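Colleague: This is what each chain is made of:
4 protein chains.
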Amino acid sequence: MDHAIGIDIGGTNLRAAVVDPTGAVVDAVSVDTPTDAGALDEALVDVIGELSGRHAVSAVGLAVAGFVSRDQQTVRFAPHLPWRDAAVPARISPRVGLPVFLEHDANSAAWGEARFGPAGAGENVAVLAIGTGIGAALLVDGRLYRGSNGVAPELGHLQVVPGGRQCACGKSGCFERYCSGTALAATAAELLAAEPGRPSELRRAPDGVTGAAVADAAAAGDPVALETMADFAYWLGMGLSIVADVFDPDLIVVAGGVATSAPLFLDDARRVYAGLVTGAGHRRLARIRRSELGVAAAMVGAAELARRNAAASGTDRIGGGGAEAP
Amino acid sequence: MDHAIGIDIGGTNLRAAVVDPTGAVVDAVSVDTPTDAGALDEALVDVIGELSGRHAVSAVGLAVAGFVSRDQQTVRFAPHLPWRDAAVPARISPRVGLPVFLEHDANSAAWGEARFGPAGAGENVAVLAIGTGIGAALLVDGRLYRGSNGVAPELGHLQVVPGGRQCACGKSGCFERYCSGTALAATAAELLAAEPGRPSELRRAPDGVTGAAVADAAAAGDPVALETMADFAYWLGMGLSIVADVFDPDLIVVAGGVATSAPLFLDDARRVYAGLVTGAGHRRLARIRRSELGVAAAMVGAAELARRNAAASGTDRIGGGGAEAP
Amino acid sequence: MDHAIGIDIGGTNLRAAVVDPTGAVVDAVSVDTPTDAGALDEALVDVIGELSGRHAVSAVGLAVAGFVSRDQQTVRFAPHLPWRDAAVPARISPRVGLPVFLEHDANSAAWGEARFGPAGAGENVAVLAIGTGIGAALLVDGRLYRGSNGVAPELGHLQVVPGGRQCACGKSGCFERYCSGTALAATAAELLAAEPGRPSELRRAPDGVTGAAVADAAAAGDPVALETMADFAYWLGMGLSIVADVFDPDLIVVAGGVATSAPLFLDDARRVYAGLVTGAGHRRLARIRRSELGVAAAMVGAAELARRNAAASGTDRIGGGGAEAP
Amino acid sequence: MDHAIGIDIGGTNLRAAVVDPTGAVVDAVSVDTPTDAGALDEALVDVIGELSGRHAVSAVGLAVAGFVSRDQQTVRFAPHLPWRDAAVPARISPRVGLPVFLEHDANSAAWGEARFGPAGAGENVAVLAIGTGIGAALLVDGRLYRGSNGVAPELGHLQVVPGGRQCACGKSGCFERYCSGTALAATAAELLAAEPGRPSELRRAPDGVTGAAVADAAAAGDPVALETMADFAYWLGMGLSIVADVFDPDLIVVAGGVATSAPLFLDDARRVYAGLVTGAGHRRLARIRRSELGVAAAMVGAAELARRNAAASGTDRIGGGGAEAP
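Protein chains in written order, with the working numbering: chain P, 6 to 331; chain U, 6 to 331; chain R, 6 to 331; chain L, 6 to 331.
Here chain P stands alone, though its shape is the one from the complex (with noise of 0.2 Å):
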């Protein structure tokens, strides 16, 4: 009964897991994300239905990259998702029989990583979860900090680049337009249009010049993505000084699908980070982690919140101890 099923939904693919109260994972399943909202609704029951039927769980937590409000009931506004101001698990929790509840993903992946990965408890940590987009949240002294409008930190849409790449936000130049796997698809196809005679496999690559086959060519030394990927890395080193400048954590975790690259840029982004954060050396720095838990980093962290909450541990505190006993 300690057991909790968390859902990370993402704008491509909506994958689910049984996580038990150690952060493992037992069970998993993944289906694509439908477009519209009753299909989405279908797809969720249909999930947590398979997944509760094989496991005694205690809660649903789901993970949604957009606004949450602050009682994890609304999801405000989801960019890539078919729901707007949509009361989600008032419409799932009676149909699955389960207690629902929302979480921002970052929030949810800071939330695996500082229970269960390289964090700690107690701490001040920040997470920067680098995907199609950027998320960002942060731990005070263990305890998730959402703002006002149960909103994670917002570091995706910093300007970092006047007049720079286009935003969908409909700025220019932000920050996750440079450091995201989106920006390795766009930095890769500007030096490959700017020398059209340059050999590279990227001209080659089945799919197209996407994140994926960025990193893919860079790991198997391709100079077009290497030069690709050290662009990538000077953008985390400042997007790192940022969040140590904003935040002053004692750890940052760089989580989502790029961390999984992380020996091709961590090292030079951290020597980025260290020349560029403000009073560098009178300062411990904070420390630069990547990712344990990975891409299951926010199911896990989703799982685990929705448990507490079921469990009405009156606390979210991390290290708090009540909500661990059975």
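Please keep in mind that the hints were generated in silico from the structure rather than gathered at the bench.
All the pointers check out, no bait thrown in.
The list treats identical chains as one, so a pair stands whether inside a single copy or across any two.
List time: in silico EDC-like cross-link candidates among lysine to aspartate or glutamate, alpha-carbon distance up to 16 Å:
#1 176 to 232
#2 176 to 200
#3 176 to 236
This one's a predicted model, so the numbers in the text were calculated from it and none came from an experiment.
Given the structure of chain P, go ahead and fit chains U, R and L onto it with the hints provided.
Modeller: Quick look at chains U, R and L alone, frame taken from chain P:
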């Protein structure tokens, strides 16, 4: 015995006040800030002696533009002061016979505003203190967020213009090079240089083109000064959107010396802010308010924090009750 | 005997034409451009032999994207061809039994346009040839301006965005990274990356996101392609203002492969240009015209220049009379 | 009778000289430039009367910072003077009994340098005149290139920093905002604002932070002034690379008031230039020389051009022979 002394130790002036428990300044003195550490100690002892000779006070709070250790007993680094890893309270306290506490100046101002100004208690409040540079502070649920190094949120050195104005920190294009009193001077100087023949009373400013001269000229309708203010308003609006994105507060208080000219720019800045904040249509916008305490905020806040610390209140949470009780 | 062969030696194709004295193409062939110098010589000899076997010709003109010596007998440097300080005519001429002359490709196109296209004779005419990169040429009083190194005006590598897109030349933010066929590809890739969920037929382009694919999609109304074209129009307008500022010509001809899509961007570019050119209200604005010869311009111009050179006309001035006489 | 008067009509001063056929200044006067058109006419008549009373002269040349019609009889637009479509020679000439010719000031200076300075005859020479703003001139095979509007090459308003310093022309980030005497003032003001506590003798400059004050302070070793000069050298180097790219001259002469401080920046600028010019390894780099005539160049050139025009030489080509003969 409920009174305390707050001292705002700026690069130019050392301003001290006796503050009562309602936040009122009942006495104040100001002297030049000495440039060597020994003379600075003497000046502090003198000022404290003078004020504590006239009023019964229980504690002294020093507001410093720099990094302060978490235990508030050491100044790690203060760019404009002769202190490096300086245990200032340990040196001063025995000589004045009073407990002495250090606090970052933006934190002090934030505390003053939050405790006695428009902030009200119990909210998430950010303070943007704009003077020579930019200081920022954040109250989370009424508590100062100090981060792991005791560093207040540092927003002045976020790079907003790659390759832009050189900053003393070694980077270029830092935010405070575009949004501060010294930025007013730099922008006006650029505009004057761009059109040598354009008339402006700034060309005859007795102390040169300073931020204060720009503010005065703008108030008098000088076109170059007004254009400078419009540029400033843009960058302040961007700064407000950064604060809203990263901290998602209920309220942002614009404080510091430049805030005294708020009627010249604050409405424009609000419009820019509303256009730049992420997800503007899907969230409650943080209110933007001008400081009510003005340049006294840091003194008042430092005094109040010192009074609480001395009373061993065990809490620095606004609305925490205990400390206010006699 | 008044016919001449013009060959446009591009990085991908080697396109050759027999051109009559009225500028009409009477025969043409195209082959792939070999990547080594020996094979390139062979291909040129073959093509010239084939065409001169079918037509009586008096000379051969080679249009090259690179630096050509002032005597038009040596290619100094051509980034996309296997020639470095190569005396190409000396090697080819004896084998084909015809005089061979080199010319920069933008100069060739400019000459073709000026002699047979909209330019008319005797004017100051600038040609902006936009293809993979940007070529530029200037006719001063009807004469090609070659400069002291035999280098046509080089506008492609003016830095227009410090810290912008990486260029193969080693700098960043070069003009041709924003205004060329490859820039179309880069901009579209950026836009697609910025909004992974935004529908666009470019995501299904059979040969990937190329400049040609963008032009086709824009013509078909694809929103991402149209946004790309709007961005291109801005930069072209800026480029036209640069040409007008530095050369102050009567006429600017927009040529090169991208000019075939002129209806998609030329009016917008004209508006931007009129707003950016210096002293707009106090000068006659240079007319902006689209190339009439299209991709044949370089071949036609190279042929015509070679015919004149071979006739020892003693002049390369348009309207000079003598050369046109039999 | 071979002497002529040249007058450099600046926004501040009207400087006039009697110049002999060897380019030597044999007499000179300077007066303030009146700000209304009538008074300016009077001042010109007075100055010409005074000088022609002391010397036998054959013609008067007026060097103007503005657009001059192709027939050199009308000032179309001069931003810092009270002339708009003004037929200045038609008004002045009858009153002074001498032929009067107009010329753009950078063209005048270029002609002076080319005829009597380091340029020598018969070359392609570009002149970059750096004063309050930037003037440029080009000699093609020894002839002034005036373009179709009689406008000298206009380089000052090429945008080099999108979103950069505001320019009086309405754009932002124009080249002359970074590379001119007024740019020196703006850069120094920025640096001083960035570090209020940094000592610099510029803080005590009697006439404020002007370009001249920066040059003096740099010569005296002031660190802020030297940093300003280093920044200037970078932008001048970029400007030289622009000139080399677009005009490909043999020689670039750096002239104008700022050139008098050339030892403080010219070697650094040359290094930047060599690194930025396109195809650096594959071309002869244009030589960079400092003006030999200094601030007299425009007067000397205007006088010499007027003398030739009056002599109906039929040529303005350097080395053309006829005009020099008596």
